[in-house]
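A.B. asks: Based on the sequences and whatever the hints tell you, model everything.
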Amino acid sequence: MKLVVDANILVSFFRQNPVKDLFKNAKSLNISLFVSEYTIKELKKNKSDILKYSGLNAVQFEKAISELVSLLKLLPDSSYKEFESEAKKLSPHDKDIPVFALALKLNCGIWSNELAFKKQSQIKVFSTRDMIELIS
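Here the working numbering is used: the first residue of the sequence shown is 1, the next is one more, and so on.
Source of the hints: derived by calculation from the structure; they are not laboratory data.
It should be emphasised that the depicted structure is a prediction, and the values quoted were computed from it without experimental measurement.
Below, in silico cross-link-like pairs of lysine to aspartate or glutamate (EDC-like), each with a Cα-Cα straight-line distance of 20 Å or less: (1) 88 x 42; (2) 73 x 62; (3) 105 x 86; (4) 105 x 77; (5) 20 x 49; (6) 105 x 84; (7) 95 x 49; (8) 45 x 94.
Ranges between beta-carbon positions, derived for each pair: (9) 8 x 122: 14 to 22 Å; (10) 45 x 116: 18 to 26 Å; (11) 53 x 95: 12 to 20 Å; (12) 134 x 59: 28 to 36 Å; (13) 24 x 133: 12 to 20 Å; (14) 69 x 95: 17 to 25 Å; (15) 17 x 58: 20 to 28 Å; (16) 86 x 58: 32 to 40 Å; (17) 70 x 42: 17 to 25 Å.
Even glycine gets a Cβ: it sits at the ideal position worked out from N, Cα and C.
C.D. replies: Shown next, in the form of structure tokens:
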């Protein structure tokens, strides 16, 4: 199974919870997780908020980002540009267009807890609860 991971799921990686375990075990569960460069840049841009949320310090944050990226397949923003106009029709927010465009390019679902993502029916959206049920 291939999935594009939304930023709201990636943020959960910075705390000890089931999401972190799913990331670490994805390969053995035959799940490939994809993310765009844009999404990683957004995480880094929101570093101060993530530090507050997670309780990590700056050094721990950088280490966690490196670990997270090692568990994902990182694709350049240029790889999905041709799908952005279609993604714009599906995405509930402009900031989420890269997630939808990458899912369209890869012909796969999205892992997100954003309820608005499920308002469209072209791309399957899996919540964390869906993911836990899927692997149980």
